[in-house]
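Q: Here are the chains, one letter per residue:
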Amino acid sequence: MKLKDTLEETYVALSANKTRSGLTMLGIVIGISSVIALVSIGQGAASGITSSVQSLGSNLLQISPGAQRSAGGFGVSTGRGNAETLTQADADAIASQVQNAQAVVSEVSGRYQVTAKGTNTNTTVDGVSPDYATVRNVSIDQGTFITDTQNSSYAKVAVIGPTTMTDLFGADEQAADAVGQTIRIKSMEFKIIGVTVSKGSSGFNNQDDMIYIPTLSAQRFLSGNKYLTTIDVQAASSDSMTQVEDDINTLLLARHNISDPTKADFSVLNQADLLSSVSSISSTLTLLLGAIAGISLLVGGIGIMNMMLTTVTERTREIGLRKAIGAKRADISRQFLVEAMTLTVIGGVVGIALGAGISLGVNYTGLVTTSISLEAVALAFGVSAVIGIVFGWYPARRAAGLNPIEALRYE
Amino acid sequence: MIDIKDITKTYGSGDTAFQALKGVSFTIEDGEFVAIMGPSGSGKSTLMHILGCLDTPTSGTYHLDGKDVSKMSDEQLAEIRKDKIGFVFQSFNLLPRTTVLRNVMLPLIYAGVNEHEREKRAKESLLSAGMVESHFLHKSNELSGGQIQRVAIARALVNDPSLVLADEPTGNLDTKTGEIVLGTFQKLNKEHGRTIVLITHEPDVAEHAKRIITLRDGMIVSDKKHQQKIAHLHHEAQTS
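These protein sequence lines map, in sequence, to chains A and B.
Each residue of the first sequence is one higher than the one before, counting from 1 in the numbering used here.
Each residue of the second sequence is one higher than the one before, counting from 1 in the numbering used here.
These aren't lab readings, by the way, just hints derived from the structure by calculation.
We treat Cβ as the ideally placed atom computed from N, Cα and C, and that holds for glycine.
Among the clues, some could well be false.
[What the hints assert, rightly or not] Simulated DEER-style distance windows between Cβ atoms:
hint : chain 1 : residue 1 : chain 2 : residue 2 : range
1    : B       : V221      : A       : G22       : 53 to 63 Å
2    : A       : I292      : B       : S134      : 51 to 61 Å
3    : A       : N17       : B       : S134      : 54 to 64 Å
4    : B       : D65       : A       : V386      : 11 to 21 Å
5    : B       : E133      : A       : A353      : 40 to 50 Å
6    : A       : V299      : B       : M72       : 39 to 49 Å
7    : B       : N114      : A       : A353      : 52 to 62 Å
8    : B       : G23       : A       : R397      : 53 to 63 Å
9    : B       : E115      : A       : N306      : 32 to 42 Å
10   : B       : D83       : A       : G22       : 32 to 42 Å
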């Protein structure tokens with residue numbers, strides 16, 4: 001029996017019972033479309049999280065001061081990050097001595113009350129060195145970022161984030177107009193030289209609600225000491241991050257005269273570690289969504305088997321007749337298998353279309369930027385074909401194994 | 001040519017064993033029209049299943065066209081049915097919701113005959129079974145009982161079988177329609193030289209054949225030819 005004939009037989013058989021065929025297919029449609037939609041939402045969420053972590057800067061290592069301990073074995077700890085142990089000299093040493101440390105940025109940050117034109121806000125004022133813009137992916141919308149000259153000359157200049165600008169100058173303020181105006185931080189006047197492009201919030205920080213001023217200006221006018229709150233180091237490549245981290249640890253332990261690494265007065269945060277834990281969380285999430293959708297696909301598959309078994313029983317006499325006029329076991333089992341596979345493959349195609357539609361719809365709402373991966377589509381389609389074979393196999397075998405005499409007598 | 005020797009068929013085993021055929025032998029030459037008659041329980045259905053290669057005998061031999069088919073496997077029997085036997089059943093003869101033409105082409109589809117050839121042979125077969133061309137594309141459920149049996153006859157003929165086996169073909173028909181169907185068999189036998197074996201429990205129906213084999217309790221009780229009756233009935237069928 002040729003394939004074309006088998007397909008014709010299948011068409012006649014399936015169209016003879018349109019409602020039942022349609023409802024059976026619906027099970028597969030729902031299964032496949034939920035796999036596609038949920039996996040695309042999961043992957044979209046994962047890539048969203050990953051890109052927002054990467055927007056912090058690529059190949060980034062952040063060195064923060066450790067806890068400060070008073071002298072003695074049981075000294076009082078003030079908590080991590082509060083010690084004043086990092087200095088510009090440390091930053092310079094890293095820049096000159098650690099291999100593959102492409103850029104080093106020193107930061108002095110703190111929260112201050114900021115006023116302008118009678119309004120005021122409380123925001124993070126970050127004293128940064130000029131490399132900050134490249135290391136942390138900060139782009140300038142209007143004006144310029146801080147320069148080396150401004151840093152070394154303790155210039156009272158500021159670059160503000162778009163949220164801060166709105167807070168200070170009102171929602172109607174244009175970035176171009178803000179440049180050149182004056183704000184007061186801790187009663188000192190700073191001139192706005194630039195406004196950054198919006199980056200969106202990441203985690204607990206709103207990267208748009210920031211004021212950047214030169215590091216040295218921040219030390220002299222705001223913190224009043226020579227310590228740094230953070231040193232950002234950009235490694236040359238993602239491969240060299242571990243080496244850079246190890247070298248920084250060794251260098252700073254030596255510089256701070258600490259022999260026991262567990263008593264280090266600083267800590268190094270590796271962005272790669274953060275990324276890997278974030279991506280492992282989001283891939284678990286995608287897996288979970290996929291598993292839930294997979295269950296509905298399984299239920300759909302059992303629906304197919306149920307229908308095919310009913311069909312075999314209903315068509316027992318037809319099977320007997322076909323066998324009497326020369327159909328072999330293989331002809332009969334192929335016919336029922338093709339019927340089951342046709343249901344799942346059509347259901348699969350409709351399901352992929354529906355799933356893609358749902359995914360695009362979610363994308364349109366702007367909640368999550370979904371991404372329909374070719375793998376998910378191929379997998380869903382493959383799974384639907386496999387379901388057709390697996391759940392069609394048993395009914396087909398039952399049909400093929402019928403004794404023609406008994407089948408013809410079946411009432 | 002059909003040659004069966006000492007065919008027995010036993011169902012079950014041990015105490016519950018039941019012997020449906022207790023040693024049946026006969027030969028049927030090409031071009032014969034034979035009725036196998038007997039009351040229910042006489043073993044005629046079992047004999048029909050064996051003749052139609054739907055089942056194999058417990059012992060004895062069955063040669064169809066010189067080939068021993070009594071020890072064949074299911075798959076080999078399917079092959080024999082496809083090439084050498086045409087069936088006409090009492091009921092459920094046609095696939096539901098399928099056109100007349102497609103029903104007749106079905107054996108050719110399984111035989112792997114190409115589409116063009118299939119249609120040509122199916123049409124020829126339908127015409128020789130007395131169907132008119134305007135009915136060829138009707139669905140099987142739109143036909144009358146007599147038409148259904150004629151389509152079934154056409155299907156039985158389409159693969160040019162050595163043997164046409166009809167199992168109570170008039171069982172579900174009224175007398176008049178039954179006569180027409182039996183007349184079709186007679187015509188095929190007389191004009192086309194088809195070998196036909198008719199299984200029935202009604203003497204009236206059996207009388208249409210040229211030879212009647214009567215079974216009782218799994219054994220042949222009589223085997224006789226009656227030419228005159230045939231000529232007479234055939235004449236009647238033609239004039240009516």
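Q: Work down the list of hints and note, for each, if the structure agrees.
A: Quick rundown of the hints versus the structure:
Distance hint check: the CB atoms of V221/B and G22/A are about 57 Å apart, consistent with the given range 53 to 63 Å. Between I292/A and S134/B the C-beta distance comes to about 58 Å, which sits within the given range of 51 to 61 Å. Between N17/A and S134/B the C-beta distance comes to about 29 Å, which lies outside the given range of 54 to 64 Å. Range check, D65/B to V386/A: about 45 Å between beta-carbon atoms, so the 11 to 21 Å window is missed.
About 44 Å separates the C-beta atoms of E133/B and A353/A, a value consistent with the hinted range of 40 to 50 Å. Between V299/A and M72/B the CB atoms are about 44 Å apart, so this pair conforms to the stated range of 39 to 49 Å. Distance hint check: the CB atoms of N114/B and A353/A are about 37 Å apart, inconsistent with the given range 52 to 62 Å. Taken as a hint, the range 53 to 63 Å is violated for the pair G23/B and R397/A, whose Cβ atoms sit roughly 37 Å apart.
E115/B and N306/A have their C-beta atoms about 35 Å apart, which keeps the hinted 32 to 42 Å range intact. Separation of D83/B from G22/A is about 40 Å and conforms to the stated range, judged on CB atoms against 32 to 42 Å.
The structure fails hints 3, 4, 7, 8 (numbered hints given earlier, in ascending order).
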